[in-house]
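J.: As a plain string of letters, each chain reads:
Protein chains: 4
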Amino acid sequence: MFTKPDPATSSSTLQIRVRFCETDLMKIVHHAVYFTYFEAGRVEWLRRRGVTYSAWAEQGTHLPVAEVSAQYKLPAKFDDLLSLTTTLTELRSYSLRFAYLLKRGDAEIARAETRLACINDAGKLIPFPQATRDVLQSAETAAASPIFG
Amino acid sequence: MFTKPDPATSSSTLQIRVRFCETDLMKIVHHAVYFTYFEAGRVEWLRRRGVTYSAWAEQGTHLPVAEVSAQYKLPAKFDDLLSLTTTLTELRSYSLRFAYLLKRGDAEIARAETRLACINDAGKLIPFPQATRDVLQSAETAAASPIFG
Amino acid sequence: MFTKPDPATSSSTLQIRVRFCETDLMKIVHHAVYFTYFEAGRVEWLRRRGVTYSAWAEQGTHLPVAEVSAQYKLPAKFDDLLSLTTTLTELRSYSLRFAYLLKRGDAEIARAETRLACINDAGKLIPFPQATRDVLQSAETAAASPIFG
Amino acid sequence: MFTKPDPATSSSTLQIRVRFCETDLMKIVHHAVYFTYFEAGRVEWLRRRGVTYSAWAEQGTHLPVAEVSAQYKLPAKFDDLLSLTTTLTELRSYSLRFAYLLKRGDAEIARAETRLACINDAGKLIPFPQATRDVLQSAETAAASPIFG
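From first to last, the protein sequence lines are chains A, B, C and D. With the first letter of the first sequence counted as 1, position 124 gets the number 127 in the numbering used here; the numbers rise by one all the way through. With the first letter of the second sequence counted as 1, position 11 gets the number 14 in the numbering used here; the numbers rise by one all the way through. With the first letter of the third sequence counted as 1, position 67 gets the number 70 in the numbering used here; the numbers rise by one all the way through. With the first letter of the fourth sequence counted as 1, position 21 gets the number 24 in the numbering used here; the numbers rise by one all the way through.
Isolated chain A (complex conformation):
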């Protein structure tokens, strides 16, 4: 079962301030760190649709990352205030796909995609329940939360 989410409702944007510890000796954000931003992006994406991912985790539903790709366009630097747009681009029975666009003002910093599987505590693939599918296809309902600042 494959669903292409509605582009009108499938995106959320959050701001991320680059931390000092996220830079490396090239004085730019280390390439691995971006995946922690993308992860924060999808946690916030869920929160704005009423889902606390930590609650899922406690109930035994996990979304481990099965596949990633990223293209780095411009380096991000310490203290940059970045804008990350996270979009659900594909919803399948046992997995989903998010795309990410990271910008500093109008400048594109990076683009990425991740595919996540849905598993239970035992590590077994499980299909998304219908209630979950409904949530994943809903628009932002919760206000942006104050996360850092």
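Some clues are possibly wrong.
The list cannot tell twin chains apart, which means a pair is met if one copy fits it or any two copies do.
To be verified - As a list, the in silico PhoX-like pairs of lysine-lysine whose alpha-carbon atoms are at most 25 Å apart: (1) Lys80 with Lys7; (2) Lys76 with Lys30; (3) Lys7 with Lys30; (4) Lys80 with Lys30; (5) Lys106 with Lys80; (6) Lys76 with Lys106; (7) Lys76 with Lys127; (8) Lys127 with Lys106.
Hints listed in this document are in silico derivations from the structure and should not be mistaken for laboratory results.
With chain A fixed as given, assemble chains B, C and D onto it according to the hints.
T.: Frame of chain A; chains B, C and D shown alone:
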């Protein structure tokens, strides 16, 4: 030269949302991660006094960490919204000391202290210029910045 | 200019012990951490061909990551002793490509690819000098270094 | 119950190669990263006494960090081959204390101490069983393991 900052103006508080990647297999925030929170705390402390630490870094003034200590009281968990109060507790010619109190609601998560030296690009200790000392003893002037969310 | 490296000489394998701090609350290695393994893989790959990457960095040659992709097959866990095979798969005028195969015994943990650009201190793309191209196409000459243990 | 371990048998030394991702824009190892080295030091310390910490973790015994302190003397840099000596300095009923000395050749990089509590899966303090106390007071028995390289 030793200065004890005025407690009425020497603290700033910011909120930090715990990221998924900051947890470890004990399902709590890894103890090393707290030092990245404390670092974010002092960057924000400076920002609220009109100082962008990244500008200092570009100009060749660095504040490397010379000494740290921390006591962990309660574990922080994924998605916790923590409150971090950073206080300048000591201002010397070549170094300064910050104290940190990290809470989740009323519960105390951790306390810590860091001593930072003032060095130039060549790694040589330099005294804080008077203009810098004035800033470090000023109250919050800038509004809290939107950092993450 | 495109060169396909000789498969007979273009691979190096190192062992990596998973650290506690590299796990997350799913009790597996966090997906972003793998990119730090791959990075260690290419640093060691260069070392075994007589190149200390830190010397390059000090001389102003950098290899920032331009593109990555990874597929995660099985979770790695705390204290696993992993084997990482790094292979130079493509050598172009201004960029190169490495492939990675991460295993635990015979089990495949992850596969990945990274494309790295060659830039100078000013961030400008520079072609690999011929001496560098020769090194990049040489077989392992240095013995495996004791890195951790 | 307090035991002062025998200095003749309570130390183990391992080598650590600094990874690229462990540096920050000051071109030195980030201060928080040292705690991941110290953690690797005590995991290896236990391994050389026949204890796989991951086995303890699976059986529900954890040693969360209750307190840390560190003094940074000289910066460590990318690709440095460091030597870390971990010493059990105190063994109490419910907690223990390790000291760490991190060197590059003869140069002292950092000193630190950590106090760890002993808890079960429910997060409750538990006393070290006598068998564990015996292990903790034994000399190195296992050979140094190949960890990274």
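J.: Would you mind marking each hint as holding or not holding in the structure?
T.: To see whether the hints hold, each was checked on the structure:
no.	hint	verdict
1	Lys80 with Lys7	neither (34 Å within a copy, 33 Å between copies)
2	Lys76 with Lys30	both (16 Å within a copy, 23 Å between copies)
3	Lys7 with Lys30	neither (39 Å within a copy, 32 Å between copies)
4	Lys80 with Lys30	both (7 Å within a copy, 14 Å between copies)
5	Lys106 with Lys80	within (12 Å within a copy, 29 Å between copies)
6	Lys76 with Lys106	within (10 Å within a copy, 31 Å between copies)
7	Lys76 with Lys127	between (37 Å within a copy, 13 Å between copies)
8	Lys127 with Lys106	between (36 Å within a copy, 21 Å between copies)
When held up to the earlier numbered hints, the structure conflicts with 1 and 3 and fits the remainder.
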